[in-house]
Amino acid sequence: EAQVTQNPRYLITVTGKKLTVTCSQNMNHEYMSWYRQDPGLGLRQIYYSMNVEVTDKGDVPEGYKVSRKEKRNFPLILESPSPNQTSLYFCASSLAASGGMEQYFGPGTRLTVT
Amino acid sequence: TQLLEQSPQFLSIQEGENLTVYCNSSSVFSSLQWYRQEPGEGPVLLVTVVTGGEVKKLKRLTFQFGDARKDSSLHITAAQPGDTGLYLCAGRYNNNDMRFGAGTRLTVKP
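As they're listed, the protein sequences go chains F and A.
Note that the first sequence covers residues 1 to 114 in the working numbering.
Note that the second sequence covers residues 1 to 110 in the working numbering.
Think of the hints as simulated: they come from the structure by calculation, not from any bench.
Errors might be hidden in some of the hints.
Short, incomplete list of chain A residues facing chain F, as computed with Cβ under 8 Å [said to hold, decoys possible]: (1) PRO39; (2) GLU41; (3) LEU45; (4) GLY101.
Cβ coordinates follow ideal geometry from the N, Cα and C atoms, glycine included.
Just chain A, same shape as in the assembly:
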């Protein structure tokens, strides 16, 4: 059972456009992370959010954790070809277990 739903599954946009990726769950998570994965490599952590309503910014990337800690979003401003990759959200709902979403595959065309 996939506890984390990510949308959209695929996204193809032109350089300079903005986009938002969503991660939704029916469970409350103690923390939520966003990872980025490139072909042939393992996921790399982008950010961790732990407080409901928290907003974190990483250059052109803005991450938000929902007030109820059941959902999160990733917003990219002025996307660049270097942003192309698979974006994964991962929620930890107890101290031992982490669940990943299926991912959003982003392609940014020059």
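Okay, chain F solo, but in the shape it has when bound:
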């Protein structure tokens, strides 16, 4: 089954404790991205990747890191989480970034930073 998986689905952590949210897709997609979703603000792009070893900042990259060492994986790293990073996070992938390509979204990771 074609899908985007994220882990963990729920995470409660404390300020400053490094964490990683994993994202994996099995569709051989080139383009992957991370979004955060907050009430009233919709989905905002954090980082995206056009292909292996190619990453770029989205709208709200501060406090986040990503890597794309393999085509299927695109982990999101919070080196020193802060309470304002409490949010619902989505990973997405598409065949390519151009045109009207459909993005396939993972189920989301709800992160709470206390």
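Position chain A relative to chain F; hints supplied.
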């Protein structure tokens, strides 16, 4: 800065009513997509429009892309409880970046 404005933010209607949701931007987009999101899940694509003035129909849903490619609308005819969800528009204004609206939360009461 929210480049896409969606209205209304919330909409609660009775089963069988019609409704229209709007998505407006000050920028021209190369393509615009509508997604639907249910609680606990990620957004799922409904439609992509790429040509100014384009109209697409998906059963009871009609999507329209403005002539100037700066706005779009989603019209639902005879809404059903199963249409309940968060509707998001997303515009791509270059090949790398996609911007989402804040969404319209629709509730259809039986």
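To see whether the hints hold, each was checked on the structure:
1. For the restraint placing PRO39 (chain A) at the interface with chain F, the shortest Cβ-Cβ distance is roughly 10 Å, beyond the 8 Å limit, so the hint is violated.
2. Interface hint status for GLU41 (chain A): upheld, as the beta-carbon distance to the closest one in chain F is roughly 6 Å, under 8 Å.
3. For LEU45 (chain A), the shortest C-beta to C-beta distance to chain F is roughly 5 Å, which falls under 8 Å, so the interface hint holds.
4. For GLY101 (chain A), the interface hint holds, the least distance from its beta-carbon to any beta-carbon of chain F being 5 Å, beneath 8 Å.
Checked against the numbered hints listed earlier, the structure breaks hint 1 alone; every other hint is satisfied.
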